[in-house]
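*Asks:* The lines below spell out each chain.
There are 2 protein chains.
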Amino acid sequence: MPRHEKDEVIDITEKFTLFSEHWRPKVIAEMNDYQFKLAKLKGEFDWHSHQDTDEVFVVLKGELEMHLRDKVLKLPQGSLYVVKKGVEHKPVAQNECEVMLVEPRGVVNTGDDSEKTALTAPNDVWI
Amino acid sequence: MPRHEKDEVIDITEKFTLFSEHWRPKVIAEMNDYQFKLAKLKGEFDWHSHQDTDEVFVVLKGELEMHLRDKVLKLPQGSLYVVKKGVEHKPVAQNECEVMLVEPRGVVNTGDDSEKTALTAPNDVWI
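Sequence order for the protein chains is A and B. Under the working numbering, the first residue of the first sequence carries the number 1, and numbering increases by one thereafter. Under the working numbering, the first residue of the second sequence carries the number 1, and numbering increases by one thereafter.
Do not take every clue at face value.
So these bits of chain B aren't anywhere near chain A, every CB distance computed over 10 Å [claimed, not checked]:
(1) Ile12
(2) Tyr34
(3) Phe36
(4) Gly62
(5) Gly78
(6) Lys90
(7) Glu96
(8) Ala118
(9) Asp124
Simulated crosslink set (DSS-like; lysine-lysine; CA at most 27 Å straight-line) [as the list claims (entries may be wrong)]:
(10) B:Lys71 - A:Lys85
(11) B:Lys71 - A:Lys15
(12) B:Lys15 - A:Lys84
(13) A:Lys90 - A:Lys15
(14) A:Lys15 - B:Lys74
(15) A:Lys74 - B:Lys61
(16) A:Lys61 - B:Lys15
(17) A:Lys71 - A:Lys15
(18) B:Lys116 - A:Lys15
I should point out that these hints are in silico values taken from the structure, not numbers from a laboratory. Bear in mind the structure is a predicted one, so any value in this text is a computation, not a measurement. In this text, a Cβ means the ideal position worked out from N, Cα and C, and glycines have one as well.
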């Protein structure tokens, strides 16, 4: 898919109707060298961390659990959470949830220092 | 107000109950050197541009008009729009709307090359 024209007003809800896979973030916008991505999540993700960047989760539908090594945080619909760089985390969705991610272009979803896993998603997939 | 602890889950709706002024963005989170801000908008803002950065608007409640020099875009609830760097724009809210802004720390809301106006808001006001 091509990148969007700069004057496109992006309908977030409509974008979520364009895909159904879990754990495969889709880019909807870029701001400088950062990307806004949408993802549907269900089940358990891999433990991972990003050594060079923070990562923002905005929960738009449903609830996400963010497992950290010492606690589990509940992220209800309408919440925002910043995973600080270097912090190990494992997103878990007991039921399907929809999130918006904000992070620099090029971040690998399963973390930097791991080999590819079954959950490693391709980057720069625009919808 | 102090910055948040890194493990705070931010309830966006609750944060909007903490202020009522228009055109005064409040910081709710930082990701690297970027800030997530909430603002209530009503009426016409100033024409301005940001020479060094893009700026993201996410409309969480109500509708925002983004006036550009050659067109007016309607940004309904649930939409996201990227104002590219250097592009002159004027947000207009016929009725009060609530938005989340994402931009680098230190961006002046009324633009870089203008003197302070009546609408210039202080930066780094956390809620």
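*Asks:* Decide, hint by hint, whether the structure agrees.
*Replies:* Comparing the hints with the structure gives:
no. : hint               : result
1   : Ile12              : 5 Å, violated
2   : Tyr34              : 7 Å, violated
3   : Phe36              : 7 Å, violated
4   : Gly62              : 15 Å, holds
5   : Gly78              : 5 Å, violated
6   : Lys90              : 15 Å, holds
7   : Glu96              : 19 Å, holds
8   : Ala118             : 27 Å, holds
9   : Asp124             : 16 Å, holds
10  : B:Lys71 - A:Lys85  : 40 Å, violated
11  : B:Lys71 - A:Lys15  : 24 Å, holds
12  : B:Lys15 - A:Lys84  : 21 Å, holds
13  : A:Lys90 - A:Lys15  : 25 Å, holds
14  : A:Lys15 - B:Lys74  : 17 Å, holds
15  : A:Lys74 - B:Lys61  : 24 Å, holds
16  : A:Lys61 - B:Lys15  : 18 Å, holds
17  : A:Lys71 - A:Lys15  : 32 Å, violated
18  : B:Lys116 - A:Lys15 : 38 Å, violated
The earlier numbered hints that this structure contradicts are 1, 2, 3, 5, 10, 17 and 18.
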